[in-house]
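Engineer: Residue strings, one per chain:
Number of protein chains: 4
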Amino acid sequence: MKIGFIGLGKMGSGIAANLLKAGHEVTVFNRTPGKDESLVKQGAQRAAQIADACRGEAVLTMLADDPAVESVVFGAGGIADSMGKGAIHVSLSTISVALSQKLTTAHAERTGQLFIAAAGADDAIDACLPLFEAFGQRTYRFGNHPPDANLVKLSGNFLITSVIESLAEAMALVGKAGLDQHHYLDFLTSSLFAIPIYKNYGAMIADKKFVPAGFSAPLGFKDNRLVLAAAENLRVPMPLATLIYNRFLTLLAQGGESLDWSAISLLAAEDAGLEKKAA
Amino acid sequence: MKIGFIGLGKMGSGIAANLLKAGHEVTVFNRTPGKDESLVKQGAQRAAQIADACRGEAVLTMLADDPAVESVVFGAGGIADSMGKGAIHVSLSTISVALSQKLTTAHAERTGQLFIAAAGADDAIDACLPLFEAFGQRTYRFGNHPPDANLVKLSGNFLITSVIESLAEAMALVGKAGLDQHHYLDFLTSSLFAIPIYKNYGAMIADKKFVPAGFSAPLGFKDNRLVLAAAENLRVPMPLATLIYNRFLTLLAQGGESLDWSAISLLAAEDAGLEKKAA
Amino acid sequence: MKIGFIGLGKMGSGIAANLLKAGHEVTVFNRTPGKDESLVKQGAQRAAQIADACRGEAVLTMLADDPAVESVVFGAGGIADSMGKGAIHVSLSTISVALSQKLTTAHAERTGQLFIAAAGADDAIDACLPLFEAFGQRTYRFGNHPPDANLVKLSGNFLITSVIESLAEAMALVGKAGLDQHHYLDFLTSSLFAIPIYKNYGAMIADKKFVPAGFSAPLGFKDNRLVLAAAENLRVPMPLATLIYNRFLTLLAQGGESLDWSAISLLAAEDAGLEKKAA
Amino acid sequence: MKIGFIGLGKMGSGIAANLLKAGHEVTVFNRTPGKDESLVKQGAQRAAQIADACRGEAVLTMLADDPAVESVVFGAGGIADSMGKGAIHVSLSTISVALSQKLTTAHAERTGQLFIAAAGADDAIDACLPLFEAFGQRTYRFGNHPPDANLVKLSGNFLITSVIESLAEAMALVGKAGLDQHHYLDFLTSSLFAIPIYKNYGAMIADKKFVPAGFSAPLGFKDNRLVLAAAENLRVPMPLATLIYNRFLTLLAQGGESLDWSAISLLAAEDAGLEKKAA
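Residue numbers (the numbering used here), protein chains in the order written: chain W, 1 to 279; chain R, 280 to 558; chain D, 559 to 837; chain V, 838 to 1116.
Think of the hints as simulated: they come from the structure by calculation, not from any bench. This one's a predicted model, so the numbers in the text were calculated from it and none came from an experiment.
Only pairs whose alpha carbons sit at most 30 Å apart, straight line, appear in this in silico DSS-like list of lysine-lysine:
(1) 199(W) - 501(R)
(2) 1059(V) - 757(D)
(3) 478(R) - 153(W)
(4) 455(R) - 780(D)
(5) 757(D) - 990(V)
(6) 990(V) - 734(D)
(7) 487(R) - 734(D)
(8) 432(R) - 199(W)
(9) 501(R) - 176(W)
(10) 153(W) - 780(D)
(11) 199(W) - 209(W)
(12) 176(W) - 432(R)
(13) 209(W) - 153(W)
(14) 579(D) - 560(D)
(15) 766(D) - 455(R)
(16) 153(W) - 455(R)
(17) 432(R) - 364(R)
(18) 222(W) - 1013(V)
(19) 1036(V) - 757(D)
(20) 432(R) - 208(W)
(21) 766(D) - 990(V)
(22) 478(R) - 199(W)
(23) 1059(V) - 432(R)
(24) 767(D) - 990(V)
(25) 1013(V) - 208(W)
(26) 1059(V) - 734(D)
(27) 1036(V) - 711(D)
(28) 711(D) - 1045(V)
(29) 488(R) - 153(W)
(30) 487(R) - 153(W)
(31) 780(D) - 222(W)
(32) 501(R) - 734(D)
(33) 780(D) - 1036(V)
(34) 1045(V) - 176(W)
(35) 990(V) - 501(R)
(36) 711(D) - 1046(V)
Construct the entire structure; sequences and hints are all you get.
Structural biologist: Laid out in structure tokens, this is it:
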């Protein structure tokens, strides 16, 4: 397929490279210049402006957050202005951006091990399947309503924060009992909880290492508010999500803006008298 | 080693068989008769009473709950009355009983894949290592204070209930949005949450199938109260554990005594207007 | 003073009458016709349209909710279009509307027993003091920032919902213990909690009488979200307010739209197995 | 009536004086000597030991906490050993002890304005009515089960902690918005919340003055745990009570043992970034 690709961060570059490798004709664009060089060497076309990346059958974006998506899509000279009739815009989930830094092995994006949650018109998704297959291991379809894919993503982030909060409380408990938190974590993640989310976030909690932020507390808070807003619209009470809401609000009130979102775990430790306040 | 083994449920029988297979001399006892037949065929001695199982270097118990342990240990003619000087009592964690029914593959106990959290006097644990190696993949030592192993077990159960609560809220959310809960779960457990806890409890939540109980709500509540009591003694606030406490109390107030502990997930669905009350 | 008065419900009519009685020249307007008759007999001028009520030194509005305020102020031919330079708009707190139906004695508004929380430019408040004195017992000034008066109002509503939730839990407790809830309430409100809020909401909880709604659950929810939004902006975690947020969301998810906001108390009773679901 | 009175603190002395004034024959005892002098001058008999106060128709105790009650009742030479057949023991609620220091006007106990929650055998209460009338304004009967009076007391303390928590959150909100907390409190307690509980605890919160403790945090925590234990037995979830449980646990984990129980309000302020940690 002839496609455009906008957003050439670590994750975006990997996906675009996979698309090239799979034989697609890819025109790349990144706001910050220079990021396209390696891809151009691999055969990509360089777009001088967003519109140049919008002349194919589809344009994919891999952007860090909602403001970036808005600006690229709806800004002057953006995708909305530039895309041809019948072309498809695929907004790749930001969860991967955040998580790729922590949770995927270094080369996952190069070996097509991603899982893709897609929602949208059936024919649009059908048309994009060759693309998805180029960089994803499997595509899950969640109906015709594009926001549903976003709901899946947001609920996934909610589940991750739940892991963080539960580990934070358990680690405060065993830590105050005098047990070694790393040893405890090793036990957990060798037995029932043997997945990277528990391993990586558990290690960050045990090490109290929240800089540099893989996914910052303000971004985590934003996603928490978005899942709560979606839940409110649907009239779904989520008491654990509101507990985490209060954690984020406390962390930010105390100066934790620059920390990783898993720094909400500091609060359980502080409440137990184990730590100084975050800021 | 010459050892006794008391408690021949599904899990206990598997462990005892492993111990026999590893060459240990095992005398077995079970309150309900008949459960020892298969083991006797494999070479075990049959104990007519508890005391007969207490004549070796160690006695292992694999019992369902605290009252059973108390009765076997402190009852008339129990272990405390019968054990020789220097002999060691090893109380195997009940978590395995509960989880084995849901979370281990059918033959895990036969292939020595268990993880063991041990706490107690160094020489006692050293003495038991040959036993642990016979049925466990790895032994984690948590200091000299036996209750610490229990704290590890209780905190593990707390983490499992946190998984249940977080899945319950996420599934209520996507369910009320009209997405297919099984498909959603399949996505989650193929990607970031690819472990049996998420798969099995997620399936129970999506199927609303809470009978027969693998681990009953009253037992789950008991462990929740025990972890909160330990946390209170240590002055460790655990707000997520108290949220789950209220879930259990609600479930039991509404007649959920005979349901699996994961039935606390019904409450998130009911709060969202998706389900009838549990009872 | 020469003033306009818009919004002639029960509370607005009482205040306007007080203003007339105090000698002010009052032009009245109400969207639904006929409500101005009694006031016109008492000496008020009838405004044919909003603009006619905007020709004096100040215009006061006493409206049920935010949409009504928005429409009257910013709609075509509204206050914003019509007010003269230097004229003052006084938006009277809707809390009084809601509470007057439950919490004030029938004639409180006629005898000037209201308490007024005012925020705005000093000279604007100074100019309005003669008005406030005509219908309020005392005016509290909360700085120059008009939204601050609103924050006071919203936080007041939060305190009322806290009373409702705490009474709901206490009444569920003593009720399930077999004590008479009315007798218990009588004890409470004769001793430490001898104020109408505890008496009136306590009686509604004991009687389970939530129709007709004095202040409806959706309006209560709206104010809860507004106080949480204000708290979020200020980075102030309010866990009790989020607990009540979840209560409202549950009540509305279960069909409680037409009930009084104090019907969130049903949920504590239901959780305890005392009541059927709200809807 | 001929009665004994044990426990001559501020509250106990006032009640005993009222009983004397009403013409009862009172024998007084206090562990710390010297506290009986003023009462002896008013006509009381001095008991040299507990048994001497147990020779009448009833013995009343007014003691600070449960250990004191236990020791006086069940200790060697205590009430249980000494009381005659048919005599009645009246354990006066400790809530009054705690609250009298903060919430009653200085002479309330002398003018018989107390409210009494009584539970017990009908004829025992009937027999004691003349006593209750001597120092209480009104006696509320809560059935034949003495613990029910205790449940009323504990639920009352729960309501007070709910007031503290709700005020703490509201005051953190308006405080961080830049409003004057005392002025805000003055507004609240002049209007909808015009009772001493809001006034006194509100002032302590605004002043951050938690020493000396009128009712200490450990005692407040004890009562919180007792109400939760009663609720657990009755299967009544009380999420607001568990929120307060976590507040107490946090306060105590951070060194607040010597502070007044209303110091749990510090935590809302600290979470908002307004205060340093308690300890």
